[in-house]
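*Asks:* Could you build the full structure based on these sequences and the hints that come with them?
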Amino acid sequence: MFDSQELYQEIVMDHNRRPRNFGSMTDSTATSEGFNPLCGDQITLFLKVSEDIVEDISFEGVGCAISKSSASMMTEGVKGKSVEEALTVFEAFREMITAKSDGSKDSEILGDLEILKGVAQYPTRIKCATLSWHTLQAALQGTERDISTE
Amino acid sequence: MLDVQKIRNDFPILGREVNGHPLVYMDNAATTQKPRQVIQALVDYYENFNANVHRGVHTLSMEATDMYEDARKKVAKFINAGDPDTVIWTRNASESLNLVAYSWARENVESGENIVLTPMEHHSNLVPWQELTREKNAAIRYIPLDNEGVLDLSDIDSIIDDRTALVSVVHMSNALGTVNPIKKLCDLAHARGAKFLVDGAQSVPHMVVDVKEIDCDFMAFSGHKMMGPTGIGCLYAKKDVLEGMKPFLTGGEMVLEVSYEKASWADLPMKFEAGTPNIADAIALGVAVDYLEDIGMANIDEYERDLTGYALNKFIDVEEEGGKLFGPRNPDQRGGIISFDTPDIHPHDLGTLLDQMGIAVRTGHHCAMPLVRSLGVAATSRASFYVYNTKKEVDVLIEGILEAMRYFRDGVR
Ligand SMILES: Cc1ncc(COP(=O)(O)O)c(C=O)c1O
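First to last, the sequence lines map onto chains E and S.
One gets the numbering used here by counting positions in the first sequence from 1 and adding 7 to each.
One gets the numbering used here by counting positions in the second sequence from 1 and adding 3 to each.
Keep in mind that the hints are not guaranteed to be accurate.
Per the computed footprint, the stretches of chain E lying under chain S, defined by three or more beta-carbons under 8 Å from a beta-carbon of chain S, are [what the hints assert, rightly or not]:
id: 1; region: 14 to 20
id: 2; region: 58 to 72
id: 3; region: 87 to 98
id: 4; region: 110 to 116
Rough simulated footprint, nothing fancy, chain E against chain S, three-plus residues with beta-carbon under 8 Å [claimed, not checked]:
id: 5; region: 345 to 353
id: 6; region: 356 to 369
Since the hints were derived computationally from the structure, they do not count as laboratory data.
The structure presented is a predicted model; accordingly, all values stated were derived computationally and were not measured.
Each residue gets a CB set at the ideal place from its N, CA and C atoms; glycine is no exception.
*Replies:* The following block contains the structure:
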C-alpha cells in the first residue's frame with residue numbers, strides 16, 4: 008500500500024523499537040535538553056567527556072521514529088570519538104540531511120547514519136532528524152567551556 | 004440525501020493523485036477545498052469587474068462595490084445576522100478575535116474582572132486574552148473538562164460571576180471535535196451581565212449557525228474553512244456593541260471626514276475596514292455561501308453526522324489494536340473531527356505513512372498546545388471531514404492507520 012523505502016528503512020525501524028544508549032547517566036559531565044515545540048519532540052542528552060573524548064553518551068525522551076533513530080544512531084556514531092571528530096560527524100550529517108550533499112563523500116564518517124539521507128526529501132521532517140544533533144552540539148560546547156576553564 | 008459524487012465533481016483537486024494514490028483529503032479542519040464555482044468567481048472578478056470599491060463613479064467600481072456588498076448580505080443571511088452592517092470583513096477568524104480584543108475588550112475590561120474560556124480554545128481564542136488580561140490586570144478562568152473532553156458545567160455559577168466581562172467559547176473544538184452548549188453558555192453569561200463570543204471557525208462551515216438564536220454578542224469565523232478563499236474572514240457583532248466600539252485600524256475607507264487635526268469615523272461596517280479590502284475573496288466567499296446553501300446546511304450536518312458515526316464505529320478496529328480516541332463518543336456531542344493517539348507509532352510517522360497512501364491528515368498540537376499536553380501526549384493525529392468525504396474514504400483511512408501501526412509494531416506489511 009505504501010512505499011516508505013527511503014524513509015522508514017529496517018535499520019531506522021530497529022533503532023526506533025530498540026534505541027541504543029537509551030536511559031539516563033549518573034556520572035555525566037554534561038547534559039543538554041532539546042525541545043521542538045512544534046511537534047512536541049523532546050530529548051535529554053547525557054555526555055561523559057574525559058580528556059576531550061566522548062567516553063559515554065546516552066539519551067532519554069519522546070519523539071517520532073526519525074528523531075529517535077537519529078538520536079540512537081548518533082550516540083553510536085560519536086561514542087569514543089574526540090569532541091572535534093563528533094562535531095565533524097554533525098557537520099557531515101547536517102550537510103546530508105539538508106541535501107547539500109548526498110552523504111556519499113562522507114560515507115566513512117557517517118556510517119549507519121547515511122540511512123537517514125532520505126529525510127532530505129521530507130522538508131517537514133528534517134528538524135526531527137537534527138534535534139538530537141543540536142542538543143549534542145549544545146552539550147559539547149558546554150563541555151568545551153568546562154574543559155577550558157579547568 | 005445529498006449526492007456526494009455530484010458534489011465531489013465540483014472540486015477539481017479531489018481528482019488528483021498523491022504519491023500514486025487517489026487523494027483522500029481529511030484535513031478539513033485546517034482548511035477546506037474549493038469548488039470550481041468559487042475558483043471561477045475569482046477569475047471572473049479579476050477578468051471582468053476588477054476595480055476599487057466605494058470610491059469610483061465609474062461602472063467597474065460600481066459593479067465591484069455591488070458584488071462586494073452582495074457578498075456581505077449573503078454571509079449575513081447565512082448566519083441570520085439580520086443587518087448586513089453587523090458583518091465585518093477581516094482576514095480570518097484570528098483577526099476577528101483580535102479585533103474584539105483590541106477594540107472592545109481594551110475599552111471594556113477592567114482590573115479585577117475576568118474572562119471565561121474553555122481549556123479547548125484554539126491559540127487564536129486564547130493568546131489575545133492572555134495579552135489583554137496581563138495588560139488590564141484581569142484574570143482568565145477556565146470551565147473544566149470531563150475525561151471525554153466535554154465541558155463540565157457543574158460549577159459554572161462560580162466560574163461565570165458578576166466580575167465576568169466576557170465569556171469566549173469555541174463552538175466546535177478543532178482539536179477534539181466536541182460541540183459545546185453555546186446557547187446555554189450565552190444565557191449564563193448574559194444573566195451575569197457578561198458579553199458572549201462564539202469562535203465559530205469550525206461550526207459555521209458544518210452546521211446551521213444562527214447568531215440571533217444564540218443571541219451571542221460576537222462571532223468569529225474564517226472563509227477558507229467553508230470552501231471560500233484564504234485571506235477573508237468575518238466578525239459578526241451586535242449592532243449596538245459595534246457602534247460603541249472604537250475602530251481597530253485607521254486610515255482610508257473607514258473615515259467620514261478628515262481634517263489635518265482629526266477624523267470622524269464612517270458608519271458600520273466600514274468603520275472597521277480600513278484600507279482597500281479583500282474584494283475578490285469576499286465576493287468568492289459569497290459564492291461559497293451560495294454553494295453551501297444550495298446543498299443546505301442541515302443536509303451537510305446530517306451527512307457529516309452519519310459519516311462521523313460510521314468513522315467512530317470503524318475506529319473500534321484501531322482501538323482494539325491499542326488506539327485511543329479523544330473527545331466524546333456520542334456523535335450528538337461532536338462534529339466530524341476525529342483526534343486520536345496510536346501506540347508504537349508517533350503521529351508524525353503516521354502522518355508521513357498515510358501521506359504515502361494519499362491520505363492527508365493533520366498531526367501535531369492543532370494550535371491547542373495546552374489542551375493536547377493535558378491529554379498526556381505531545382501530539383495527536385487528526386482526521387477531519389467535510390461534505391465531500393465518503394464512507395469509502397473512511398475505510399481507506401482506517402485501513403491505512405492499521406497498516407501503519409502494524410508496520411511500526413512488527414515490520415510486517
Ligand atoms: C476553532 C478555531 N478557531 C480559530 C481558528 C483560526 O482560524 P484562522 O487561522 O483562519 O484565523 C481555527 C483554525 O484553525 C480554529 O480551528
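*Asks:* So, for every hint listed, does it hold in this structure?
*Replies:* Do the hints match the structure? See the list:
1. As drawn, the region 14 to 20 of chain E meets chain S at 4 residues by the rule of a beta-carbon pair under 8 Å; at three or more, the given contact holds.
2. Residues of the region 58 to 72 of chain E lying with their CB closer than 8 Å to a CB of chain S number 4, which satisfies the three-residue condition for coverage.
3. Check result for the region 87 to 98 of chain E against chain S: violated, 0 residues qualifying (beta carbon to beta carbon below 8 Å, three or more required).
4. With 0 residues having a Cβ less than 8 Å from any Cβ of chain S, the region 110 to 116 of chain E misses the three-residue criterion, and the hint is violated.
5. Given a C-beta distance limit of less than 8 Å, the hint that chain E covers the region 345 to 353 of chain S holds, as 5 residues qualify and 3 suffice.
6. Counting residues of the region 356 to 369 of chain S whose beta carbon lies closer than 8 Å to any beta carbon of chain E gives 6, which meets the minimum of three for the stated coverage.
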